[in-house]
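Undergrad: Listed below, chain by chain, are the residues.
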Amino acid sequence: MLDTLNNLGGGFAAALSLTNLFYAFLGVLVGTLVGVLPGLGPSATLSILLPLTFSLPPAASLILFAGIYYGAKYGGSTTAILLNIPGESASVMTTLDGYALAKQGRAGPALGIAAISSFVAGTIGVIGLTFLAPVMANVAIQFGPPEFFGLMIFGLTTIVLLGGSSVLKGIISAAFGLLLATVGSDIVSGTSRFTFGQLELLDGIDFVLVAIGVFAIAEVLVNVQRRTTHKLFEVPRKLRELLPTWDDIKRSRFAMAQSSVLGFGIGVLPGAGATVASFISYGVEKRFSKRPEKFGHGAIEGVAAPEGANNSETGGAMVPLLTLGIPGSAATAIMLAALIIYGLQPGPQLFTEQSDLVWTIIASMYIGNVICVLLNLPLAPLFASVLRIPYTYLYPGILVVCLIGAYSLSNSGFDLYLLVIFSVIGYAMRLLDIPAAPLLLAFVLGPLAERALAQSMIISGGSLSILVERPISLVFLVLAALLLLSTVFGRGNAFRKKVLEEDE
Amino acid sequence: MTRTRSRVGTAIASLAVLSLAACGSDGGGTSADAEFEAPDQVTVVVHTGPGGGGDTTARQVIAMMEQEEIIEPGSWTVENREGGGSAVAVNYMMEQEGREDILAVASNVWLTNAMVTEGVEATSLDLTPLAGLYQDRFGIAVNADSPYQTLDDFIQAAEAEPNTLIQVGGSNTSNDALVGQTLMRESGATWRFLSFASGGERRTALLRGDADIYLSETGDLSESVEAGDMRLLAIAGDEASPLFPDVPTTADEGFTEEVPRQVRYGLAPPGISQGAIDYYEGLFEELSESETYSNFIRDYDAEGLFRSSEELGDFLQVQEDQHIELFEETGQLIDGYGK
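Residue numbers (the working numbering), protein chains in the order written: chain H, 1 to 504; chain W, 1 to 339.
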């Protein structure tokens with residue numbers, strides 16, 4: 001403990017040097033900007049900047065990269081809240097209540113609470129990284145395919161919490177998401193599935209295309225169809241109304257606390273990542289909320305929870321990256337590459353052999369989080385005023401941003417056709433009142449669950465009992481069952497009450 | 001506010017345009033007949049995303065060439081053409097026919113992908129070989145508290161319980177899987193193969209006890225071996241590792257059949273001039289003779305085996321036959337391959 005504090009102190013001394021502070025600031029700034037734009041995510045930005053590793057010292061470039069990584073997470077909430085565009089899978093849950101708040105004229109508070117929750121949870125995540133890295137690394141090692149499968153099933157059952165009016169419609173949406181996820185190469189045999197001979201489909205469909213199509217463009221289409229003559233967004237004029245109130249922050253206390261813990265814990269598990277963390281954190285928040293009916297209609301804590309989890313995950317994800325050399329996401333994979341290019345092999349010895357470097361990076365993450373919140377809080381009212389733009393200009397603008405984002409994924413015209421298809425599907429779903437979030441959740445989690453199941457079956461030689469014999473996996477499966485039962489049962493109760501009331 | 005947003009957009013768009021322009025064909029794009037002129041800017045295509053194996057290799061090669069002043073700093077830039085195993089990158093290179101300012105740093109999957117993936121046609125053999133750089137050295141590792149002290153212990157245990165023990169590795173068509181396949185063929189023992197996307201996950205699967213052996217590049221295994229988490233049973237092939245001189249090779253253990261090798265090499269689009277081939281071959285040869293390179297080879301415990309354009313072409317032919325045979329055996333070879 002004392003050693004850790006000593007090391008961290010040394011890290012701060014190095015991270016607070018003018019050069020390193022500059023790179024932390026630059027990273028956060030660039031990260032926030034690319035986070036705001038859909039399509040060009042942090043991993044694309046990092047790859048563009050990877051050649052910098054040849055001219056910068058290791059500490060500076062890793063501080064820069066880490067800054068971009070969590071800066072982008074802060075920025076990612078912006079388009080989700082304002083325009084219903086989840087630029088990354090981790091922002092899907094933020095759209096649900098964030099966009100609803102924006103429509104009620106509370107975009108500023110939503111953006112503000114996203115920044116505050118990100119800061120609180122992000123910092124707690126880094127504290128976790130500081131003190132728990134060696135312990136958590138052991139947890140990560142113990143987390144194999146069966147455990148992972150259990151977690152994914154638990155994540156998938158949170159769908160029952162997402163379905164708006166009807167559980168059945170939620171399940172229809174999720175089933176469609178699972179179907180879409182089967183496109184690509186089969187995980188075990190490598191055989192092509194539903195690719196129709198298109199090379200572009202061999203690696204499956206990109207998440208961003210589905211998300212932009214069913215969320216953002218469908219939203220635009222629906223609004224255009226309604227020929228909205230009334231003002232779509234209420235935009236307050238007073239600055240005070242553009243920031244979260246004390247009441248908002250008080251309401252979000254539990255969300256910030258639980259998302260910090262969940263985000264860090266899930267971030268440590270290799271491959272789970274920010275998406276799963278944000279989904280589960282939202283689910284937990286709704287499940288334990290005193291006003292679950294508000295969720296999806298502008299509950300401020302419904303923004304705080306996923307955003308907090310998304311940022312707390314950064315600290316968690318650095319644990320397997322630094323201690324085991326396991327990248328949990330595309331962005332951390334590039335940081336791993338940077339380490340390797342410097343000749344640093346991440347692994348158990350990195351903390352002892354490159355102690356100064358590791359602690360400088362960790363210290364810079366504390367500083368970076370402070371910079372993020374200082375940068376993003378004042379930006380919140382500024383970004384919120386985007387909604388003052390009349391929709392005749394706003395909608396074409398959104399469409400252009402979406403198309404550029406989709407095209408920039410792999411500079412392929414094929415992706416634009418896919419985007420059109422998903423826009424139409426999203427539009428149809430809106431007309432039929434089928435929620436889109438379960439589709440995306442299933443689309444992201446389905447393949448992860450499938451891979452984990454396939455790996456488990458190889459380990460056990462085809463016996464399903466491995467899933468209940470391993471304790472961690474069993475715990476998750478039981479939790480999933482409880483969640484399902486309690487929801488179904490709870491609904492039954494509500495229905496009975498309603499019938500009784502009507503009888504009277 | 002719109003203005004700021006659009007400015008950011010413009011800035012990023014112009015950055016993108018600039019980088020595209022940088023990758024463009026200034027100086028290159030000459031036809032095969034015209035005299036070859038060394039281009040100022042060269043694009044290096046890789047088949048993985050940033051941080052992937054192919055990407056890292058290419059960036060390391062470029063960094064070393066810059067350090068040895070073989071090329072101007074910043075004159076060679078990596079372009080990630082990810083997708084379809086390596087199909088997107090190979091097809092992209094095919095489309096660049098005749099361009100002399102673009103090359104690729106490739107590995108086995110450029111050759112084998114078409115053998116095991118329906119709908120993939122072009123391979124390394126359709127492109128112009130430039131030079132072979134090095135080949136990876138594979139080690140066979142077990143968990144530190146594994147009961148197996150020698151490769152023979154493991155093979156005997158696998159024979160006693162067919163298809164029960166587990167080898168962990170990359171995809172089931174990757175080189176580590178095929179090395180395992182040749183060991184099975186020669187010994188008659190059988191075991192299962194467990195795939196993970198990243199090296200870290202493979203390592204933890206072995207440490208967790210979900211797998212019994214792990215075949216991987218010795219450079220990757222070295223840290224875990226030195227930390228006392230893993231033990232090496234053997235080195236694949238007939239050449240001992242300078243990093244682990246005491247570890248026997250599979251040839252020492254009685255496996256005489258040649259194991260498939262994971263090779264790294266440079267390719268150019270089809271239809272380029274002999275001048276261009278000679279030029280790039282020369283640059284790679286210069287790199288292979290440098291001290292930076294021999295340090296790199298030593299640190300990664302690879303085999304620094306330089307192959308000229310011609311030697312690489314011949315080698316790829318041999319490698320094709322070897323892999324067709326292996327995939328026929330495993331039943332992974334697709335019906336239409338080579339037709």
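Mixed in with the good hints, there may be bad ones.
Said to hold, decoys possible - Some chain H residues near chain W, calculated using beta-carbon distances under 10 Å:
id : residue
1  : L8
2  : G10
3  : S43
4  : Q349
What the hints assert, rightly or not - Just so you have them, the derived chain W footprint on chain H, three or more residues with Cβ under 8 Å:
id : stretch
5  : 205 to 216
6  : 340 to 347
7  : 432 to 445
Since the hints were derived computationally from the structure, they do not count as laboratory data.
Where a beta carbon is used, it is the ideal one built from N, C-alpha and C, also for glycine.
Undergrad: Each hint needs a verdict: does it hold in this structure or not?
TA: Checked hints:
The beta carbon of L8 of chain H comes no nearer than 24 Å to any beta carbon in chain W, farther than 10 Å, and the hint placing it at the interface is violated. Interface restraint check: G10 of chain H against chain W, minimum CB-CB distance 24 Å, threshold 10 Å, status violated. About 7 Å separates the beta-carbon of S43 of chain H from the nearest beta-carbon of chain W, less than 10 Å, and the hint is met. Restraint check, Q349 of chain H versus chain W: the minimum CB separation of about 6 Å is within 10 Å; hint holds.
Coverage of the stretch 205 to 216 of chain H by chain W is violated [criterion: at least 3 residues with CB-CB distance below 8 Å; count 0]. Only residues whose C-beta sits within less than 8 Å of a C-beta in chain W count toward coverage, and the stretch 340 to 347 of chain H has 5 of them, enough to reach three; the restraint holds. Counting residues of the stretch 432 to 445 of chain H whose CB lies closer than 8 Å to any CB of chain W gives 0, which falls below the minimum of 3, so the coverage claim is violated.
Consistency with the previously given hints fails for numbers 1, 2, 5 and 7, ordered from lowest to highest.
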